[in-house]
Structure formats: structure tokens, C-alpha cells
Amino acid sequence: MATTFRKSMDRRTFLRGAGTVAIGLPFLEEMMPRRAVAAATSGTPRLVTLFFGLGIDKNQQNEGFAGPLQPYQPFANKMSLFTNVSMTQAGGGGGHIEASPVLFVGEKKVSNSRAGAASIDQVMKNFLHKDGVPPTLVNTLTSGLWYRAPAPAMAFRVWNPDGTNRVPIKRPSKLFDTLFGSVPPPSGGGGPDPAVQKQLRIKRSVLDTVVGQYTALRGDTSYLGAASKQKLDAHFQGIREVERLLAPAETTVTAMTKCTVPTKPTDPPIAEYDRPTYGAGFEAPKIAWQDFQTVYRLHADLWAMALRCDLVRFGNLMFESAGGHTHFMGKYTALGQTLDFDTTEARGSQHDSYFHANLATYVRLYQHFSQTNLAYVLGKLNDPTFLEANGKTVLDNTLVVIGTEYGQNHQLSNVFHAIVGGHGHFKPGTYAMPLNAIDIYNAALRPYGIDAKIGSKTGVTGAGDIPGLLA
Amino acid sequence: MKALRLPSSVQTALAVLLAGCMGEIGTDTLGIDNPSPPDEPGGNGGAGGGTAPGMPIVLPMGASPLPALVRRLTKEEYTYTVQDVLGVKLDATLLALLPDDRSSEGFINLAEGQTVSAEMALGYGKLAPEITARMDWAAFLGRAAGTCIQATNACEDGFVRKAGQILFRRPVRSEEATAYTGLFAAVVGHGADFNASAKAVLEAMLQAPQFLYRLEVERTGKKETRQVSGYEMASRISYLLWASAPDDALYATAAAGRLTTAPGIAAEVDRMLKDATRTRRVTSRFMRDWMKLDDLPVGADRDAYIQTITMLHQNHIWTDKAPLLEAFRSRKAYLTARLATAYGLTPAAGTGIQMYDLSATPGRLGLLTQPGIVTSMSNADTNSIVSRGLFLQARIFCQNATADPPESLRGAIDQFLAAQPKTASQRQIADTRLGRAECGVCHTHFDPFAFAFEQFDGTGRYRTKDEHGNVLRTDGWLPESAIGERKDYRGVEEYMDLLVKAPVVQQCLAQKNLEYAMGRKMTHEQWPAMAGLYGDFAQQGGRYDSMVKAITANPLFQSIVTQ
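Chains as they are written, first to last, in the working numbering: chain V, 1 to 471; chain B, 472 to 1034.
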């Protein structure tokens, strides 16, 4: 059933037709809900991980804000950078497929489709919301744009406790639907009108029955075996995640009517949405870097609005996949140099041309491109014109963990990580002492009362506390 | 009682554990003699033989049964089921609500690889009201409720049981009836009339596990391998042959208990094979998955590749009724004018896809030389021998793909490739690679599969010299590790002859079809139970219909492991 949204302003087309790459940035700026309710207080823990693929050379990390990390300069006073991090527990020869499922998890993978434990966003979510997240929230959000990841281990960054994955959303329009699709229209009294209420009750009854069927078949008296129950459990969890969209409870509806909903964006016309989740072979589809960036920033804008509205608290936004094989096109200028993607990618993608070939100059500019876009996300969260109840920005009130799957040219050392925001729990600065990724994850969760003991499954000890990190 | 006629390999394989067993296996009265207990799926005390649990089966010596695992309907199966059962053809806009199925190791219907995302659950939830809004509601109501359309317990219960039977592919269990009549009453309580309430019930059923999954009884309190019940067999057969739910005739056969008998199964298979539309859904999907056609790169020829390859396959099976393996030696091609030109042929008169005889076309022979398949097995725009070899190793020889080289060799590999002359052909590089011990130890197992295709570039275009002027060779060998003893070939024709005659290739074809039929990945543990499968269908002509009959008679297809 179509939902009529309350609009914070007139409908506007974000992008029309092909070749309109430059249109609309920052097209969502005006759409930001100025009157949105800042439901999250300063004490509301949120954890969002930001991923970028292929890693940054050690030397370039050491350049500080003069190299690929330059885009983070505006956030220097909110950012803890870790430049000497290993993930050697990945083992297995250290391919992308081994390394990437360790990121944000800390444990060695179980298989190419199963991580060794939950990702840290899920660790926090499950610790804080043992009975499930509040009904006004999307359970977990994962989105982004990427190409070529032959297995979930490379493609996905959010892992459930049993090691299964959550599939990221590629299309901005689907991301919008997931976040805002069920926010109902308000009535004069602040809640939905009676006709809507009746429909909501019917929908709720339908969904309750459906959920009851999955529950029964997962139960002790089911005629299904353990493996089949597990499959149905995955379906059950999927329904739980979207029940807010399928059949929001009346209390949910009343709360959500306070969120000003932006206009649904039109998907920029790129082919990446429909490419197979697992790309075949080493094909490297071409895309102008500006087009890729446009879509990524649409994701970022929607994430920022969702966090403002307190529609989501946990998840991941990814920029390319581990071992990403997108063939970017066009000229990119930064740090006083120009990278011509068209002519430098003789082997098909920056992954092959720059990283395998160990061409540091190209890596430097390519990763500047990546970090510029991650910094865009941080900027959206750090918007000083939207402060939450404690007078802080959304970024201040969100634990953001940035990471990638590698260090220099496929090495499991010097894997760049950063913590940003984090409710004032972390001191900004650069931490160059030898660390394992588990040190960062455990340290990030500890101020929230979570003793996750990440690494214990794989038997990684790490360095323990990170001197000087906690405020 | 009629005796069950079993294929040769199964005769020795299938046995009955007589303890607690009534009568002979496969007797027509089997199901009727074992009335369905009320707590069986579909059991309602009077459903007839379809719900009766099957008889114990002993698999051939050394074979392990497949552990039970529910299968979700694939997106295509869901679509066809909605179309066939409810008469609603989902358009592209509606289909976009569901994410596409994905395969990381073979067919998209393999239960082991199926996932469910929140997006998928949302899609089912959104599609349910769209389907009830689009279906011929009056006709369905007439079928499911007759004239009993008052908000009474009897009418609500009647609708729930009939609608559930239609959607769940078996009678409704008592606790399911309770749940759905409860929903019916609740919706009425919200102020809805009978029609609206019945639609709400149907929306719930369309999202229910009983509809979206193929559920079978896995727990009986007894650990054994048993024959599936009649209704379970009906679903197995219908999704194998039609990618859709059983029709009324198949359902009636199941209800009568005849799908636990060989004659009953064979008769239904014969009948269903005559449906020219629905059977082609399955053979099309098989080819797309087997040759990874859906992963073909996006480009001008992608759709044409898929259409022409599936048409070749479909016509080979359904029009020519030729033995399946002979597709490797087919002289036919179905081509668009553009593709015909690429073949060096003069485009035939007429529009669309036309059939061409390739007898005089150099280099082209059979399915595997179709440019779309060559593209699929190649590495993007290169004629990578490694990529092709691995593709053929997995799909034609059913060998586990050789693992990627360890990262520790990455530097050596880069050095090796950098050291090769820029003008070297792929074959020359491969020969050098095979000569190096650290490379050859693995590459010798799959590179030679690809040598016959050297005259095709990465997009399947035929040439006798590469861009550097190297004369391209097509001689090679099938390695001992694949077929038991090394067999040399001098070109595509000899290569295809070897494939058709190689028992391992024959078995692989049977295994691929069985995996697709079961929606399960086979391992060496099932090998003894499928070892005779190719022989069974080869004896009957080696055609698709004989293969389907052999599969439906195979003990793996007929059985389930309970606990």
C-alpha cells in the first residue's frame, strides 16, 4: 500500500537521466530535516562502520593529513587514527577473502560465506538491545556500492553472531524505502487517522500470523531438523528487520510521525546496481568516478538523515568491496597531482593496476578519492546546524569506526583504522604503536560497558589496552 | 499388487527394511495402508494417502543420504507458482521487489547456497497484497469457499483449509488451520468483511514458510532414510519438471497415494513432460546456471548470447530430442544476424534468431564453442587458459575447483608473468607455466581442458592467429587426473569426441542434472547412489526425458533422512 509522506519541502528531482553526474551535490543538503526530532540523546549509543577497499600504504598513512588522509583534516579533533594495525589472524595466505571478514570482526572467518563472529556494530546492538531494537528503528542498515566480490566474505561488512551476513543495499531508492518507507502521514492529533489505523491493525494481524508460523517451525515441536530451522530462522530475522516497514505498530507510527521525511531520491542511472552480487572473474566494469561518488553520497545523505531521525543506530556504509574491481574512469586531481583513471588501468581496475603493481603514486591518489568520500559522510554527520539534545553533532554522538582490509599491497599489517566521534570517549590523535585490530574493537566497545573479548575465538591476544586512547 | 519396476542400478540399491513395514515397496496400496497421522503435515485425519510417510529405503552400499534441508522457492519458482496457482503474472516492476537469487557455487536453487535477506522478506510482504489485488478474486473465492462466504466459523475454516491446500501444496495441518482461522476472526474483528478478511488470510499464506519453502517432514522420532510422502514427491516432481507447484492432476495422484509407486511417478512424469511451456522453464534455467550465463558481462551481445544458447539447448532437447551429450557435438547454431556475421556466416533471411548449419564453419562445434559460452568461461576480454580451464574443470568434469595460489606465490607469479614475452600467445605462456614445478603441480590439472579453445578470443570470436601473429594451436590432452588415463586431442572435434565418450563427463552431466533436480550439492558421499544414474538414462536413449525418469527413480531423489 502506498504511503503518503509528509514532505519537509516540495518534491524535487535529484538526478535526471544519464550523464548528469555533477547535478545535485550537495543536492540533499536542503532536504535535511531541520525540525526533525533528535530522538537520540547524548547517551544513545550508535555504531556505524565505514569501509573502503584495498588499503593505504604505510608510508602514506604516515603522511598524516598531507597524503591520502588529507580529507580527514577537518575532523582531526574528533578522530583517532591507527597506523600500525595488523590482522594476521586472517591467515590463509592473506587474500582479500581471508582478510576482509576479519575487519570489524576480529576473528578468523569460518568460510567464504561465514565470518568467525559478529561484526562490532552487531556486538553493540545485541548487547544493548537484547530483546531487539526499539520498533521505531531499522534493525541494522548496510549499504554501499561495489563490484566484484566472489563471496560474501569480500562483499559484506555486517555479520550476525552466527557468522551469516547481511546484504548491503545498492540503490539509493531502496535505501530510502528501507529507512523512510513506512513513516506514516500524521493526522491532526499527531497520530494516524482511523482509516489508516484500521489498515495498520489488519497488517499487524497478518504479520503476526506469518511470524507465528516461522516461530512454530523453529520451535522444539517442529517437524524440521536443525539445519532447516536455521534457514527459517534467517527468514524470521529478516521479517523482524522489516516489520516496521510491513506493519508498523501504532506506537511506532506515532513516534515516527515526528520525523520529517525527505523526498525519495531517483536512482542515478548506473549499471552497478544490477550487476551480480558476486561478480564473475576479473571483469572490471567501467564507471566515471564522479558517477560512483554521486551514488555513494546519496547513500551518505540518507544515512545522515536517518541518524538524525533516530531511525537507525547500527550498520555499515561501504565504498567498494574488498578486492574491488571497479574500473574508474576520468581524471581525478588532488594533492597537486592528477590521476587519469582512463589511461592508467591497463589491467582493468585500480586493484590490478595500482595495488598489485605496487604503484604508490596511484594508490595515494586513488585512496585520496576514497577518503574524500568517507570524509563526506563525516561532514554530513558533523553538520553544526543540526545539534542533538546535548548540543552535540550527530557525529559526536555516534561511534564511527573506519577500516579497510589491507595495508600496503595486500599485506595484513598496517591496516588503516580510525575511530571518529564516539560520544567523547576517545582522545583524538595518531596511535602508531603496534596493534591488532582486536585492540581497537575491544577498546571502542569498552566505554559502552561492553567487554566483548574479541579475538578470544581465534586466540589472538593483541596488545591489550591502547595507551592514551580513552578520554 | 503390481511390482515396482526399478532401473538397473536401483534394483540392487533399493531395499526395504521390513520391520514395521506393511506390504511390498511401491505397491499401489502403500499410502492407503498407512493412514496419515493427524500431526503429519497435511494430516487432518482424512486427507488420504498423500500424507503417509514413505517407507524406509537403504541406499547403495557406501552411499550417504543428503542431510535434510528446506529449499526456498527461487525467484523464478515463486513467480511461476504465483502465475500457475493464482493466475497472476508478475511484471518487471513487481519482480523488482525481490532481489535476484545468487549462486556462489553452481545452481541458484541449491539449498546450501540460498540466503534470505531482510530485503527479500520485505519483497514477499509487499508482493502479497499486490498479488491478491491482481488475481481473479471472485474465481479464487469460488474455488476456495464456494458459496460459504459468511463470517461464520464454518465458512472461515473452509476457506482456510482450501486456500491453504492450494498454496501449501498439501492439506493444511490442524494447528495451521487454527492460526489462520484466528487471523480470519481477528481481521473481521478489525471491521473487515469476509472478502477483505479472506484476502488478508491469503496475504499471510503468501508470506508463510509453507508457501515460500518446500517443507518436508524431517523429524519423526526415528532416524532413518525413508521415501518421501506422496505430497512431498508431488512437489519434488513438479518443481523439477515445471519449476512450479503441482497441478490438480498431480495433486490428485498424490492424494490417492500413487506417488509412492514407480508406475504412479512414471505416469505423471510422462504426462508432465508433454507440457511444452512449463518444461522449458526448467531446461532454460539449467543452462543459464550450468554455463553461468547470467554472469556474462553487460554488453551489446549479452542478451543475444543467452537467447541463442538457451535456444540451442532447448531445441536440442525438445525439437531434436537428441541425446544430451551430443550437444557437445552439435553442428547447429541459433544466431541473430549480428552473431551470424561474427561467425563469418551470411545472415539468413528473416528477422530474429535463425538456425544455421555449422558443418562448414571452421572451429565451431557444439555447445561449448558458442561465443557466449566461450565468453563465460573466459576472463573478461582475454582468452585466459587458466580461467577457461577452471570453468571446464568444475562444470564439465565435476572436479572441485583447484584452490587459488597461496599469497606466498603472488610475487613469483607476478615475476613469471612479467618475464613472459609481450608477444607470447596464451598457449605459449601456459606451456612455460606447466614446465615450472611450482606452477605445473596445479595447472596440469586444468589448463589442458582449455587448449582446444585457443582459437577463440575472449569474446568467442574465431581466429587462427592472435594479435601478435602467433599461429594458434588447438591440440592438447585430457589429463590422467581427470579421466583416468591421458588422452590426446588434435583439435576441437577430437576434444568433443573425447568429452562425449569419457565416463567422467557422462557422470558429471548426470550429477549436474541430479543436483539441479534435488536443489542440493552432491558430494563424494552420495557417489555410490548416483554412480549408475548416467547408465540408467543412457540405456533409455540418453535424452532429457530419459534422464528425468532416471532421476525421479533414483533413491536419492525419492528419499529423505529423518531424525
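Among the clues, some could well be false.
Said to hold, decoys possible - Keeping only pairs whose Cα atoms sit at most 30 Å apart, straight-line, the calculated DSS-like set for lysine-lysine is:
(1) B:Lys1020 <-> B:Lys546
(2) V:Lys229 <-> B:Lys694
(3) B:Lys983 <-> B:Lys972
(4) V:Lys229 <-> B:Lys992
(5) V:Lys174 <-> B:Lys597
(6) B:Lys694 <-> V:Lys286
(7) V:Lys229 <-> B:Lys693
(8) V:Lys264 <-> B:Lys546
(9) B:Lys936 <-> V:Lys229
(10) V:Lys286 <-> B:Lys1020
(11) B:Lys983 <-> V:Lys264
(12) V:Lys264 <-> B:Lys633
(13) V:Lys130 <-> B:Lys597
(14) V:Lys174 <-> B:Lys546
(15) B:Lys633 <-> V:Lys229
(16) B:Lys745 <-> V:Lys174
As the list claims (entries may be wrong) - Stretches of chain V that chain B covers, calculated by requiring three or more beta carbons in the stretch to come under 8 Å of a beta carbon on chain B:
(17) 166–176
(18) 200–207
(19) 232–246
These are calculated hints, taken from the structure and not from any lab test. Every residue, glycine too, gets a C-beta built ideally from N, C-alpha and C.
Structure-based check of each hint:
no.	hint	result
1	B:Lys1020 <-> B:Lys546	holds (26 Å)
2	V:Lys229 <-> B:Lys694	holds (17 Å)
3	B:Lys983 <-> B:Lys972	holds (17 Å)
4	V:Lys229 <-> B:Lys992	holds (19 Å)
5	V:Lys174 <-> B:Lys597	holds (13 Å)
6	B:Lys694 <-> V:Lys286	violated (54 Å)
7	V:Lys229 <-> B:Lys693	holds (18 Å)
8	V:Lys264 <-> B:Lys546	holds (27 Å)
9	B:Lys936 <-> V:Lys229	violated (57 Å)
10	V:Lys286 <-> B:Lys1020	violated (47 Å)
11	B:Lys983 <-> V:Lys264	violated (45 Å)
12	V:Lys264 <-> B:Lys633	violated (41 Å)
13	V:Lys130 <-> B:Lys597	holds (28 Å)
14	V:Lys174 <-> B:Lys546	holds (18 Å)
15	B:Lys633 <-> V:Lys229	holds (26 Å)
16	B:Lys745 <-> V:Lys174	violated (42 Å)
17	166–176	holds (count 4)
18	200–207	holds (count 5)
19	232–246	holds (count 10)
The structure does not agree with the numbered hints 6, 9, 10, 11, 12 and 16 stated previously, though it agrees with the rest.
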